[in-house]
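The whole structure should be built from the sequences, with the hints applied where relevant.
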Amino acid sequence: MKIDPYLFFDGRCEEAIEFYKRALGARVEFMMRNSESPEPLPEGRLPPGSEHKIMHASLHIGGALVMMSDGMCSGEGGFRGFSLSLDCADADTAREAFAALADGGRVATPLGRTFWAPLFGMVTDRFGVNWMVSVSDDAK
Numbered sequence: 002m003k004i005d006p007y008l009f010f011d012g013r014c015e016e017a018i019e020f021y022k023r024a025l026g027a028r029v030e031f032m033m034r035n036s037e038s039p040e041p042l043p044e045g046r047l048p049p050g051s052e053h054k055i056m057h058a059s060l061h062i063g064g065a066l067v068m069m070s071d072g073m074c075s076g077e078g079g080f081r082g083f084s085l086s087l088d089c090a091d092a093d094t095a096r097e098a099f100a101a102l103a104d105g106g107r108v109a110t111p112l113g114r115t116f117w118a119p120l121f122g123m124v125t126d127r128f129g130v131n132w133m134v135s136v137s138d139d140a141k
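Take the sequence shown: its letter number 129 is residue 130 in my numbering, and every next letter is one higher.
These are calculated hints, taken from the structure and not from any lab test. Do not take every clue at face value.
Now the in silico label distances, taken between C-beta atoms and shown as ranges [as the list claims (entries may be wrong)]:
(1) Tyr7 <-> Leu42: 16 to 24 Å
(2) His61 <-> Gly129: 30 to 38 Å
(3) Arg127 <-> Arg96: 17 to 25 Å
Ideal Cβ positions, reconstructed from N, Cα and C, are used throughout, including at glycine.
Pasting the structure below:
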């Protein structure tokens, strides 16, 4: 078994995809809009104007697969109770990723040395996704 995160951006998925491409070098593996569904969506399932929103997308960020969608576009977006952990190969990469994620977001814990890692910090990006950015002890 494996676990892949699936994030719902409540109408901002395309913006998030472009942000993660710039900020983290994400690569889009697959993307389908609601209007491209091979099966018609049930009447009234999505709000009017959601036809071109993202039904499903898969991105590769480093060695991980992150799936995402606009979801139901209900206005109830939010990410609570979890963080995505980004383990970087070196300090420069960690600093660049942290700064990119912090652009338009909020730093919770600035990057710094900890007893478990040479570099660790926590940031919430502009979409409300919590990230823990670190350099493993073995990556020094």
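For each hint, the structure was consulted:
1. About 19 Å separates the C-beta atoms of Tyr7 and Leu42, a value consistent with the hinted range of 16 to 24 Å.
2. About 22 Å separates the C-beta atoms of His61 and Gly129, a value inconsistent with the hinted range of 30 to 38 Å.
3. Between Arg127 and Arg96 the Cβ separation comes to about 18 Å, which falls inside the hinted range of 17 to 25 Å.
When held up to the earlier numbered hints, the structure conflicts with hint 2 and nothing else.
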